[in-house]
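Asker: For chain A, the structure is supplied; the task is to place chains B, C and D on it using the hints.
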Amino acid sequence: MANMISRERLRRRLPALWYGTWLLRTVFVFVFIAAGAAVVAAPPPAPTGLTAKDHGWDKGTAVDLVWEYPGEAALDGGFFLISYAMDLEDDFRIAGQTLGYETVYTVNGLTPGVDYYFKVVAVNSALEESEAVVSEPVAGRLQWVDGSRIWFLITVMIFCGSVVYFIRHARKGRPLKVRKIAGLEAVDEAVGRATEMGRSVIFVPGIQDMNDIQTIAGINVLSRVAQIAAENSASLEVPTTRSLVMTTARETVQSAFLRAGRPEAYDENKINYITDEQFGYVAYLQGQMVREKPAACFYMGAFFAEALILAETGNSVGAIQVAGTAMPAQLPFFVASCDYTLIGEEFFAASAYLTGSPEELGSLKGQDVGKVLVAIGIVLGVVFATLASITGPEGLNLESYHFFQGFVDYLQGTVLH
Amino acid sequence: MKRNIPLLITAFSGLVLILAYFIPMTQSWGEVAAIWFDILASIAFILGGGNLIKLHARKMALRQAGWAYSAITLLAFALTLFIGLSKIGVSPNLQFPDMAWSGHYRESGAPFWWIYEYAFKPLTATTFSMLAFYIASAAFRAFRAKNLEAILLLGTAFIILLGRTFAGIILTSWLPDSLAGLRIENLTVEIMRVVNTAGSRAIMIGIALGVASTSLKVLLGVDRSYLGSGEE
Amino acid sequence: MDLDKINVILATDCGSTTTKAILIEKVDGQFRQTYRGEAPTTVEEPFADVTIGVVNAVTEIGELAGRRLVDEQGRIIRPASDGEGCDIYISTSSAGGGLQMMVAGVIKQMTAESAKRAALGAGAIVMDVIAANDPRKPHQQIQRIRELRPDMILVSGGVDGGTTTHVVQIAELIAPAKPRPRFGNEYKMPVIYAGNRDARPLIEKTFDESVDLKIVDNLRPVLEQENLGPARDMIHDVFLEHVMAHAPGYDKLITWTDAPIMPTPGAVGNILQAIADRDGINAVGVDIGGATTDVFSVFNGTFNRTVSANLGMSYSISNVCAEATMERVLKWVHLPMEDRELRNRVKNKMIRPTTIPQSLEALVFEQAVAREALRLAYKQHKEFATTLKGVQQQRTVGDTFSQRMSGLTIVDNMAMDLLVASGGVLSHAPRMAQTVAMLMDAFEPEGVTYLAKDSIFMMPHLGVLAQVHPDAAMEVFERDCLIYLGTCVAAKGVSKPGKPCFKYRLHGSGLDEAGEIRFGELKLIPFGPGQEAELELEPARGFDLGAGSGKRVQSKARGGTVGIVLDGRGRPLVLPEDPAQCRTLMGDWVKVLGLYADSDQ
Amino acid sequence: MYTFLKNLDRRWIFLLMFLAVAIPILFELQFPEHPTGLAQAVFDEIEALQPGDPVLLAFDYDPASEGELGPMATTFTYHCAKKGLKMYFMALWPVGAQMIDDNIAKVIKADFPELEYGKDYVNLGYKSGYEGVIKVIVTNLRGLYTTDSYGTSIDSIPMMEGVTDIRQMKLLVNVSAGYPGTTEWVQYAITPFSKDLRMVAGCTGITAPLLYPYIPNQLPGLLGAIKGAAEYEQLVMDAYGGEKVDQKYMKARQRMGPQLIAHLLIIGLIIVANILFFMEKRKGVVR
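Protein chains in written order, with this note's numbering: chain A, 1 to 417; chain B, 1 to 232; chain C, 1 to 601; chain D, 1 to 287.
Next up, chain A with everything else stripped away, as it sits in the complex (with noise of 0.2 Å):
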């Protein structure tokens, strides 16, 4: 594997392979004279007709440049190399390199609006180096649109443009299923269990902050458990590790509150900021599980290494436990200690399974012409992968195997940019 990459590496990285293999084409070279069979080259004439164009649809940083070679048709085992500077007296900074048949390249990584000079020289194989032609000074130019952007800007309008008509869609009452969650059904009997037992519940929104769209999926859960505590009159403790997520549920809890028709029964003290500092907060919550045995606890929102000593900590208290988050390297320990798990998307649908609101069902539906699309382009890209594999390059049709590694290099190359 280790070859693989870095032979993956060096395609890719064309400067890289410059210096890398600096030191063994020398001495093939080297070894090449030695051997007594060498003709004494010239040095290659140099390349001609250089123009340097702004690269189109791009944020300005990226300029193209094709040129012509007088010499051989193509420059034999031998290379281009392609630097430029802002200046003549500069020295020239090396952008990259074409491989001996190929006289366009687009230099990137420039700054928009700025003059560049471009030079290009020949080197054969022997490693001698032709006359440099300098092109016209060309600045990249900042476009209206990223043109190497497009393919995923239709794609997100493809996305965002179906899940606004699936809401419009539900909204207009046309009924849309969602799967029965068991770790949401078990919302109630958590809280419940937490009431006869006369414990606290414990709801934790995660270790991220309200950016987080985690933290919000979670925050979405939170009202409906603080909706059951209303209705239950059980004790809800909300600690948080961020100050605006603090807020958040506090705002959050409240409201449910005022729903389950017992906004006196509302208390802000319960839901605090503990600390930012992400094992401190670990151990204020160990320290309050283990004092207080909460009933059940919640775990919803982005969770790291603590998931597991949180869980396992709830667990051994004898709680009734369900979480929810979208890491997945926290998964198998939520799944090992807890009741419920909602994994990844099913914790996203949360709100939508809770609330039964057809703005959110929709963009449920929404996602699933996401998904279309994105198993489309999965099972296009194998079997074209597949088929330019069996009828290329060595195979049986070489018209066929370039149609269809075309179409894979279009799609990985450029749409999936």
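It should be emphasised that the hints constitute simulated quantities derived from the structure, not laboratory data. Heads up, a few of these hints could be off.
[Said to hold, decoys possible] Below, in silico cross-link-like pairs of lysine-lysine (DSSO-like), each with a Cα-Cα straight-line distance of 27 Å or less:
#: 1; chain 1: A; residue 1: 270; chain 2: C; residue 2: 137
#: 2; chain 1: A; residue 1: 180; chain 2: C; residue 2: 379
#: 3; chain 1: C; residue 1: 551; chain 2: D; residue 2: 283
#: 4; chain 1: A; residue 1: 180; chain 2: B; residue 2: 146
#: 5; chain 1: D; residue 1: 86; chain 2: D; residue 2: 109
#: 6; chain 1: D; residue 1: 82; chain 2: D; residue 2: 119
#: 7; chain 1: A; residue 1: 180; chain 2: C; residue 2: 382
#: 8; chain 1: A; residue 1: 177; chain 2: C; residue 2: 382
#: 9; chain 1: B; residue 1: 87; chain 2: D; residue 2: 106
#: 10; chain 1: B; residue 1: 121; chain 2: D; residue 2: 281
#: 11; chain 1: B; residue 1: 59; chain 2: A; residue 2: 270
#: 12; chain 1: A; residue 1: 180; chain 2: A; residue 2: 53
#: 13; chain 1: C; residue 1: 492; chain 2: D; residue 2: 281
#: 14; chain 1: D; residue 1: 251; chain 2: B; residue 2: 121
#: 15; chain 1: D; residue 1: 109; chain 2: B; residue 2: 87
#: 16; chain 1: A; residue 1: 180; chain 2: C; residue 2: 492
#: 17; chain 1: B; residue 1: 146; chain 2: C; residue 2: 551
#: 18; chain 1: D; residue 1: 251; chain 2: D; residue 2: 82
#: 19; chain 1: C; residue 1: 499; chain 2: A; residue 2: 180
#: 20; chain 1: D; residue 1: 6; chain 2: C; residue 2: 556
#: 21; chain 1: B; residue 1: 59; chain 2: A; residue 2: 293
#: 22; chain 1: D; residue 1: 170; chain 2: A; residue 2: 53
#: 23; chain 1: D; residue 1: 119; chain 2: D; residue 2: 248
#: 24; chain 1: D; residue 1: 6; chain 2: B; residue 2: 146
#: 25; chain 1: C; residue 1: 108; chain 2: C; residue 2: 137
#: 26; chain 1: A; residue 1: 270; chain 2: B; residue 2: 54
#: 27; chain 1: D; residue 1: 6; chain 2: A; residue 2: 53
#: 28; chain 1: C; residue 1: 551; chain 2: C; residue 2: 523
#: 29; chain 1: D; residue 1: 281; chain 2: D; residue 2: 83
#: 30; chain 1: C; residue 1: 551; chain 2: A; residue 2: 177
#: 31; chain 1: D; residue 1: 6; chain 2: A; residue 2: 293
#: 32; chain 1: D; residue 1: 86; chain 2: D; residue 2: 195
#: 33; chain 1: A; residue 1: 270; chain 2: C; residue 2: 108
Answerer: Here is chains B, C and D on its own, set in the frame of chain A:
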């Protein structure tokens, strides 16, 4: 009003960030929005600190169970804050040798560094290390070969556990080179590279779509939970 | 009491309309039910003394048996001497609407549900459930308590060491409502407290002198476990002491009996539980009445009872048709019927509950309604008979993708071994095959299930007897109470009609048959009562007969008045959407089972 | 025995785990490492750079994960210093800045006294704002960074001259313990600017499986947990360590000892648990 203004701000800044991605002209707007976010994010520290004091002061005032812990917390908080802010024991920056406060609060040997090095660091490392213990007890309890999925999982777990250590190498080094792919360390790599990656990608695609649609709901104002509740 | 010396047992069941008496005697060393008698119940005016009806019924038996059971003072003669009197007299009662209770708990799905289970198990009708997480407002709940006038209230809530505030909250709803009992304004409402032990002093403080507070062990000491026994016993005690004592004539009846009088359904549950315990089987019993349908079940030793108050064959027939929809009812009918006429028939049955079907159409229709009533009642039962809720689940990695919920039903048709039917429409069907068809269609038993019916509704009597003399009760139950109808063999799974469903082989008791049942097929093999045959079954792929999909099953088939029914119609049983198609299909089934007289088919 | 194990108090397991970790540490158990492809790729990636190439070293971890990530951060610093690369340190975790300081003190100040702060390496320190920071500095470094970690103005730091954004870096090296970390670097820096930027990373064992999908296009090399660190450490020390390697450059390999015993313990526990499970199953306790 209380809801509409935040909704507008959300929708607007969300839109700007999206535009900035596709339209190079507006890239700098996106940067501005991100910088604003950073500034706002630091305000959260003040909010948090305030609540911390309130929470523990309340516990102490009401003499709730374990209020002594709260006292310790508050004391430690005040002490750290004071030492850090007043840069006690910090030598001044070489560029400004006359200004006592120009030094860096984290300077080694200074009291703040001391707190960090001898209190904070060992404490967090200890808490993290507890994972090892919990993993062992959870594995003992939950890893049961109950059905086919569990058996597969168990087999994979063994291979990975061994493959991540020298034991894997010893156990299967007798395999001839033609079967090198079956050596545990190579199996580990293949499992991670092929099986795990395929699975992770599937989960990631699902999650990414979930994130995208939730984000869209937030931008469109369908999901308002971040404002406190789903309903008006 | 020396059980060996008991030879003659007399038992009565005072129902709301009739008092039934049976006589059990030792014949050739075995207990047999020998005679029975009936008389109208006399709780209401003008007699207002239940014992009059009892004496009448007992006198009737005495005449039939040629044995004097009642003396000149109108009292039952005990103990038995030669040709006179009986050794034991026992009775059950459901007169005056039975035992009506209200229960309360903290969480509706947890302690309140356990309280409901305790009350139902004791044979009560649960009028309402009060809980802390009740969506009703407190004043609405208080209003409800005032209106209901139950016989007693069972309060539970909180595990031991759990919440006290919620329990007190509930008590504070009940206490100020000053509930009044159904009978007799002069006595105090009995309240049984079976909740958190820690809350007892607070409960005692909350309820003042106006109620009669009884305290028993918590019926849910921990969430993981129910302890219904003490609460159930206390309900029986209170039933005797308060409810019975205030019903006309019961004070006298109580002194006559050798065992406490039990509410009728409680006694039925008792005998079912006893038989399930003894044989280690899972059993389901059903009693379909005019207004209500009771379903009893014992699965893995856990007893459950539900009362479906609005499902019955006369007073509630209209509701059955509404709830199940007429369309669904008519799916079970193989004859063309006119909608309007049917509606009239339904209404007629409602206002004249005692009429019996006069025509074939009427009978077919009534049995179709019965199927739906039973089906709905069984569905309610399944929803109630669940594992306990609020229990911590221990998961392993194997459960990642199948996170089973708690609170799932424990009723498992595949595990059901015995299905016992009682109640007019089932036990008085003109042909036994009709009973079998109704049971199979409504309950959809899976695997191998024995079907039986209660011959003369003797289960209540035996239920009480089981407390005094279990062996006698069992013997009579097996020999005289249960009439075995036969064995139902049904495969779980669905396929296309005509595809193989399962192969069978029967041998023993003169029977040696083998063959294959195709999907959609129904087959009846006559096999007389008291006979047993080895049964070998080999389900096709996708079908389950108890050992898993496609796995062979070895079992025993039991003969009965109908025989062995091999059912390849699939489970769940799906009926065609098209009414005409459905009718043809029903016609086929009717023919196979010979449900109605040949000329009528 | 059966009943003892069946109702095993987890504190026994804790004790066993303690011993499994403590004994190898006390006896300094150590095993040779056989580098796998990913560690080799990380090594090659840095090897391919020329002296004086700018490298961004983002240390996004904290003392909690120091045990797992510290050795690889140390080795990264050592490797870059040996190669004579210009090192730009930064952190997205508040305590990450401390981790940088530790490594500077431990590696650069101790073993490379000739390297000069501001000319050969700079500590840009911590910035709050999670992935937002990446998003900004990938196009505009100075929008967020006006001073280094010690409050010195960026303009007065020689090696910051001409540095406008991090796309000018030849390589990003990220050591990450979670969020924000490698995933965010890949998503906000590498993916949108895949032509301009390359990156290698080291991460905790738990996040490694999540990063595999980025290999090899976005991430040519990845060091997973202490195992990856040990392999990389072996590679770097074989190449540059000379005869006698300082103890501080052997930390990863030293920590593989406890890992081996602990893993064996876990396997043992799982086997015992399953034997119990099947015994119970036979007894019919579990259905």
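Asker: All the hints need checking, so say for each whether the structure fits it.
Answerer: Hints and how they fare:
| no. | hint | in the structure |
| --- | --- | --- |
| 1 | A:270 <-> C:137 | holds, 26 Å |
| 2 | A:180 <-> C:379 | holds, 20 Å |
| 3 | C:551 <-> D:283 | holds, 22 Å |
| 4 | A:180 <-> B:146 | holds, 24 Å |
| 5 | D:86 <-> D:109 | holds, 15 Å |
| 6 | D:82 <-> D:119 | holds, 15 Å |
| 7 | A:180 <-> C:382 | holds, 19 Å |
| 8 | A:177 <-> C:382 | holds, 24 Å |
| 9 | B:87 <-> D:106 | holds, 24 Å |
| 10 | B:121 <-> D:281 | violated, 46 Å |
| 11 | B:59 <-> A:270 | holds, 11 Å |
| 12 | A:180 <-> A:53 | violated, 58 Å |
| 13 | C:492 <-> D:281 | holds, 26 Å |
| 14 | D:251 <-> B:121 | holds, 18 Å |
| 15 | D:109 <-> B:87 | holds, 23 Å |
| 16 | A:180 <-> C:492 | holds, 24 Å |
| 17 | B:146 <-> C:551 | holds, 20 Å |
| 18 | D:251 <-> D:82 | holds, 19 Å |
| 19 | C:499 <-> A:180 | violated, 33 Å |
| 20 | D:6 <-> C:556 | violated, 38 Å |
| 21 | B:59 <-> A:293 | holds, 19 Å |
| 22 | D:170 <-> A:53 | holds, 26 Å |
| 23 | D:119 <-> D:248 | holds, 25 Å |
| 24 | D:6 <-> B:146 | holds, 17 Å |
| 25 | C:108 <-> C:137 | holds, 15 Å |
| 26 | A:270 <-> B:54 | holds, 12 Å |
| 27 | D:6 <-> A:53 | violated, 76 Å |
| 28 | C:551 <-> C:523 | holds, 21 Å |
| 29 | D:281 <-> D:83 | violated, 61 Å |
| 30 | C:551 <-> A:177 | violated, 35 Å |
| 31 | D:6 <-> A:293 | holds, 24 Å |
| 32 | D:86 <-> D:195 | holds, 21 Å |
| 33 | A:270 <-> C:108 | holds, 26 Å |
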